[in-house]
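S.K.: Sequence:
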Amino acid sequence: MMKLVVALLVSSAAAFVAPVSQSATLSASKVAVRGAPVDEFEIGVQPPAGFFDPLNYCETQPESFARRRAVERKHGRVAMMAVVGLLLHNADVEFPGYLSKSQNLKFSDIPNGLTGITKVPSAGLLQIIVFVGFIELFWWPASNYSGDYGCGFFGAKYEGAEKVQKLNAEMANGRLAMLGIAGAMFAEGQTGQTLQEQLLALNFNPFA
16 MMKLVVALLV
26 SSAAAFVAPV
36 SQSATLSASK
46 VAVRGAPVDE
56 FEIGVQPPAG
66 FFDPLNYCET
76 QPESFARRRA
86 VERKHGRVAM
96 MAVVGLLLHN
106 ADVEFPGYLS
116 KSQNLKFSDI
126 PNGLTGITKV
136 PSAGLLQIIV
146 FVGFIELFWW
156 PASNYSGDYG
166 CGFFGAKYEG
176 AEKVQKLNAE
186 MANGRLAMLG
196 IAGAMFAEGQ
206 TGQTLQEQLL
216 ALNFNPFA
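Residue 16 is where the sequence shown starts when you use our numbering, and the numbers rise one by one after that.
The hints are simulated quantities; they were obtained by calculation from the structure and are not laboratory data.
Below 30 Å or equal to it, Euclidean Cα-Cα: the simulated BS3-like pairs (lysine-lysine) are:
1. LYS116 with LYS134
2. LYS89 with LYS134
3. LYS89 with LYS172
4. LYS178 with LYS89
5. LYS89 with LYS181
6. LYS134 with LYS121
Quick list of simulated restraints, FRET-style, between CB atoms:
7. ASN218 with GLN118: 28 to 38 Å
8. GLU174 with VAL135: 40 to 50 Å
9. TYR173 with PRO63: 22 to 32 Å
We treat Cβ as the ideally placed atom computed from N, Cα and C, and that holds for glycine.
Construct all of the structure, not just a fragment, from the sequences and the given hints.
M.R.: If you want it as structure tokens, here you go:
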């Protein structure tokens with residue numbers, strides 16, 4: 016089991032893309048950079064795996080690389096927000112006031128962990144879905160495969176090698192966040208305890 020976990024960490028924290036022919040690389044690169052000022056084949060190519068594509072998708076399906084990369088980037092960003100939310104909520108950092116006054120439900124009444132979503136009123140869930148749909152269709156459209164929506168990093172914008180470095184950091188952090196939030200969900204499903212309860216019970220200690 017430990018070897019499987021290590022293998023997943025290595026493959027996910029490494030690049031998205033094994034060596035392929037130069038012609039395939041160039042054709043896929045042209046698709047990948049539409050609307051993007053950087054070559055996506057430079058992004059996410061990190062040790063120890065380097066240029067990692069065991070199923071040869073970049074050679075057999077070069078036209079789909081742009082979408083696969085966009086999906087990976089988006090999932091990484093969502094996962095990073097999920098991890099931050101997980102940590103804050105398990106630290107009991109919550110919005111003040113009411114989530115639903117009509118139901119006399121405060122934000123602090125929502126339990127930590129996966130069961131929390133079941134306590135959110137249907138109207139609240141609908142608002143979340145509508146808001147996410149608005150972002151996907153109009154604000155930060157999913158059709159923009161570059162992932163660059165012109166807002167920068169807290170207003171700061173980068174160019175050249177510095178931009179590639181920042182995008183590499185984002186890709187690596189996103190991959191780790193996807194593993195992290197998935198691990199937290201599986202651990203809670205397995206133990207029946209939230210992250211906070213697991214930490215207090217020292218369940219994270221492999222030697223316990």
